[in-house]
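Residue numbers (the numbering used here), protein chains in the order written: chain A, 242 to 904; chain B, 914 to 1068.
Since the hints were derived computationally from the structure, they do not count as laboratory data.
Hints may be right or wrong, so weigh each one.
Far from chain A, by Cβ distances over 12 Å, these chain B residues were calculated [to be verified]:
| id | residue |
| --- | --- |
| 1 | Gly927 |
| 2 | Thr935 |
| 3 | Leu942 |
| 4 | Gly958 |
| 5 | Glu980 |
| 6 | Ile989 |
| 7 | Lys995 |
| 8 | Thr1000 |
| 9 | Gly1003 |
| 10 | Pro1006 |
| 11 | Asp1007 |
| 12 | Ala1022 |
| 13 | Gly1025 |
Simulated pairs of lysine-lysine, DSS-like, Cα-Cα distance not exceeding 27 Å [stated by the list, open to error]:
| id | chain 1 | residue 1 | chain 2 | residue 2 |
| --- | --- | --- | --- | --- |
| 14 | A | Lys576 | B | Lys919 |
| 15 | B | Lys1002 | A | Lys759 |
| 16 | B | Lys919 | A | Lys656 |
| 17 | A | Lys785 | B | Lys1010 |
| 18 | B | Lys919 | B | Lys995 |
| 19 | A | Lys508 | B | Lys962 |
| 20 | A | Lys655 | B | Lys964 |
| 21 | B | Lys995 | B | Lys962 |
| 22 | B | Lys978 | A | Lys753 |
| 23 | A | Lys759 | B | Lys978 |
| 24 | B | Lys919 | B | Lys964 |
Ideal placement from N, C-alpha and C gives every residue a C-beta, glycine not left out.
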Amino acid sequence: MIPEIGHFALILALCVALVQGILPIYGAAVGNAALMSVAKPAARLQFLLVLTAFGCLAYAFAAMDFSVLYVAATSNSQLPLHYRLAAIWGAHEGSLLLWTFILTIWMFAVTLFSAHLPEATRSRILGVMGLVSVGFLLFMLTVSNPFERLIPAAPDGRDLNPLLQDPGMVIHPPMLYMGYVGFSVAFAFAIAALLGGNLDAAWARWSRPWTTVAWCFLTVGIAMGSGWAYYELGWGGWWFWDPVENASFMPWLAGTALVHSLAVTDKRGGFKVWTVLLAIMAFSLSLLGTFLVRSGVLTSVHAFATDPKRGLFILAFLAIVIGGSLALYAWRAPKVGLGGSFAMVSREGLLLANNVLLVAAMGSVLLGTLYPLFLDALDLGKISVGPPYFDSVFVPLIVPAIFLMGIGPLAQWKKASVPDLAQRLKWAFGVSVVSALTLPIVMGNWTPMLSLGLLLAIWIVMTALVTLRERLTHITGSSLMERLASVPRSYWGMLVAHCGIAVFIVGVTMVKGFETEKDVRMNVGETTTIGNYTFRFDGAHDVKGPNYTAARGTFSVSRDGREITVLYPEKRRYPVQNQIMTEAAIDTGLLRDLYVSLGEPLDDGAWSVRLYHKPFIDWIWGGCFIMAVGGVLAISDRRYRPAWRRETQEAPAAVETARRKYA
Amino acid sequence: MTSRQKRFAFIGLGLVVLGVATALVLNALKSNLSLFITPTEVANGEIPKGKSFRLGGMVEDGSLKRENDGLTVHFIVTDTAKRVPVTYKGILPDLFKEGKGAVAQGQLAADGTFVASEVLAKHDENYMPPEAAEAMARAKAAKAQSSNTLVIQTQ
């Protein structure tokens, strides 16, 4: 009964979404206020309906209703409740429901925080989001229904993939989807602006906070996915350039470019056309990411061909969304105008260079991800494009972008002079070069990549300090604290996010330069030393978990004769799917991780063991979180809020003009 | 600079970035692609000379042997038509099992042994690396054509 209610709620949601997608946009075009006013209640109703559907699926999982095919396929009676609930997004159908649910959450948020928007703009935004929602609801109802029944019911479920039975996996997909789907708001703003024909600075200011929030979620989502791969796959790697990872990284690159381009549109009225294109790009890549991960095309192009319904639907949907929005763009963008002119060397110029490099990097990732699929689809052979490709293309493109990142915030708008910039940055540059060259030697291992990495990281921090100091000299105030407090939060946000990149780079560089990895056979009582840490294997014994059995090893770690910690890595066996899982044990520290994972049992209680010493690895994810914190700081800036209030008063006038224009 | 000249400068700069990116991509693709090869192709000598490639297929039942150091392993990868002996030093992934699919990256030694630098078992819903499944499918198709060979049933 409950699953049928969920199914019915989805059908109703589709009807509402159709109304929301058609009437308000038409209403905005003809200037009919009654039609436009449908948008807000429709969006809220749709949210409630999809919430109901989501709740019904959650209930089916909680109550272990194995007569629902999806529940039977992804959970099991032995699975603890929190993982049963996380299993909602453990596979295809449920993740689509999560996608749609999050889309309606964003819609609901738009209805709450759009009082300052002109009625026509808001109607168009909600209308576009409604149309996107139509696509996803149709998809679920036609080819991928999470509420499909299994008759007769299965006696027990097939269990959730043990790899996904992990706290990181519980939070990672919702975070990632908040980011993916969040770009739909920026996309809807862009399409609304194209439809309305007015892209002004106000438009950029409205869509900036939304884009930044989505970007923050995506940043944290990707970082969590990377962290999960690190400790759950038992390999100790943090990024594999796997297509699934690239699928989330491409929207991030486009989104990062968008965040910067919006800044120019907001402050200077420039880059309008480009900003709109980036908004379309970021959302299209989010859809592409969903398609790549969820259609099974990565597993095998041929599997996709044998069950083409889902894949074809997504392809058609992608074609409509991307093709449609690009067509609209081609038709309307020339009317938008280019905005103010600026010199090559200026903040605009540097931001443009940043955008071009980010988009080029995104393109190289896209190519490396799709090229093998194309070859395979055309039966031209099966190849794999591995990490070396991405390392050798991505790094040279992103390094100049990071270098320019230090200069950008110091350059004047419109026109800056190179000698002046050189003068202001010479100390920062000198300190960066000298310390980047000497630090690795002090640490005892000089490689060009190590120096380059440290150079970039120190450069970012030094230039951020110079920027802040210059900013402070322009502010009058008695004490330093007072002056620091009067620096706008959005400015702090930028500095913090940039320093997050520096922290991230330090992590990547130090891990690459100083990590120690060792695969060894260890007998009980035997010791192995890596990076000054001595690991003693004290044997393994059997333990029983709720839905698995495991061999748990005991490793005492000591340094200079003093015991630091005891680690308990596990080798688990999940009987339902008969799958073996490595559960690594990690001692996390600010400056290093110690990582132990069990390989295979050998004779006489000995095990093959993987031991890692990973200096600074947590800085990788720490850097991502700092970036996200920077984003949050930026949107908490006062300048957005008074602006909103100001717009509230202007809004009725804007509708009036819009009406007059269309009448 | 007039605005016209400036526009050309911008376009020129954009083209330069595009050109550099293309050059990087082409260069990287040329040297970093690894081809996927089936055991039958190895037997027929259709392998890239002196380059590392990916070998995919099924790990033959009962073929896994471990040396005394506990880390060096020998096993046979088969597509049910031909067999290739593989040597690997390191810890095998969890999903590696006799009778299941596996993909190994490495080079063919002079004695016909495939020396793997990496054994992959990617996680996907069917726990069968796509390349391994492909190798089996190709061998099956080849067999169906020449029906005089004995067909070994695999799952």
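Results of checking the hints against the structure:
Taking the minimum C-beta to C-beta distance to chain A, about 6 Å, the non-interface status of B/Gly927 is violated against the 12 Å cut. Listed as a non-interface residue, B/Thr935 fails to keep its Cβ farther than 12 Å from every Cβ of chain A; the least gap is roughly 9 Å. Residue-level check failed: B/Leu942 sits 6 Å from the nearest beta carbon of chain A, not beyond 12 Å. Once the 12 Å rule is applied to beta carbons, B/Gly958 is consistent with being away from chain A; the minimum gap is 17 Å.
Chain A draws B/Glu980 into its interface by the beta-carbon criterion, the shortest separation being 10 Å against a cut-off of 12 Å. Here B/Ile989 stays apart from chain A, with its beta-carbon at least about 18 Å from theirs, past the 12 Å limit. Separation of B/Lys995 from chain A is adequate, the least Cβ-Cβ distance of about 17 Å exceeding the 12 Å criterion. Distance check on B/Thr1000: its Cβ is at least 15 Å (rounded) from any Cβ of chain A, clearing the 12 Å threshold; non-interface status holds.
A Cβ of chain A approaches the Cβ of B/Gly1003 within 12 Å, the least distance being about 5 Å, so the stated non-interface status is violated. Listed as outside the interface, B/Pro1006 is inconsistent with that label: its C-beta sits roughly 8 Å from the nearest C-beta of chain A, within the 12 Å cut-off. Not every CB of chain A is more than 12 Å from the CB of B/Asp1007 (nearest about 5 Å), against its label as outside the interface. Residue placement check: B/Ala1022 keeps its beta carbon more than 12 Å from all beta carbons of chain A (closest about 21 Å).
Taking the minimum C-beta to C-beta distance to chain A, about 22 Å, the non-interface status of B/Gly1025 holds against the 12 Å cut. For the hint pairing A/Lys576 with B/Lys919, the CA-to-CA distance comes to about 22 Å; that is within 27 Å, so the pair holds. The straight-line distance between the Cα atoms of B/Lys1002 and A/Lys759 is roughly 12 Å, inside the 27 Å bound, and the hint therefore holds. For the suggested pair B/Lys919 and A/Lys656, the alpha carbons sit about 13 Å apart, so the restraint of at most 27 Å is met.
Using a Cα cut-off of 27 Å, the hinted pair A/Lys785 and B/Lys1010 holds, with the two alpha carbons roughly 23 Å apart. Pair hint B/Lys919 plus B/Lys995 does not hold up; C-alpha atoms about 64 Å apart against a cutoff of 27 Å. About 57 Å separates the Cα atoms of A/Lys508 and B/Lys962, which puts this hinted pair outside 27 Å; it is violated. Restraint check: the Cα-Cα separation between A/Lys655 and B/Lys964 comes to about 52 Å, which exceeds 27 Å; the hinted pair is violated.
Only pairs whose Cα atoms come within 27 Å are accepted, and B/Lys995 paired with B/Lys962 is accepted, the gap being roughly 20 Å. For the hint pairing B/Lys978 with A/Lys753, the CA-to-CA distance comes to about 33 Å; that exceeds 27 Å, so the pair is violated. For the hint linking A/Lys759 to B/Lys978, the alpha-carbon distance of about 21 Å falls within 27 Å, and the restraint holds. Taking the CA atoms of B/Lys919 and B/Lys964, the gap is about 47 Å. The hint is violated against a cut of 27 Å.
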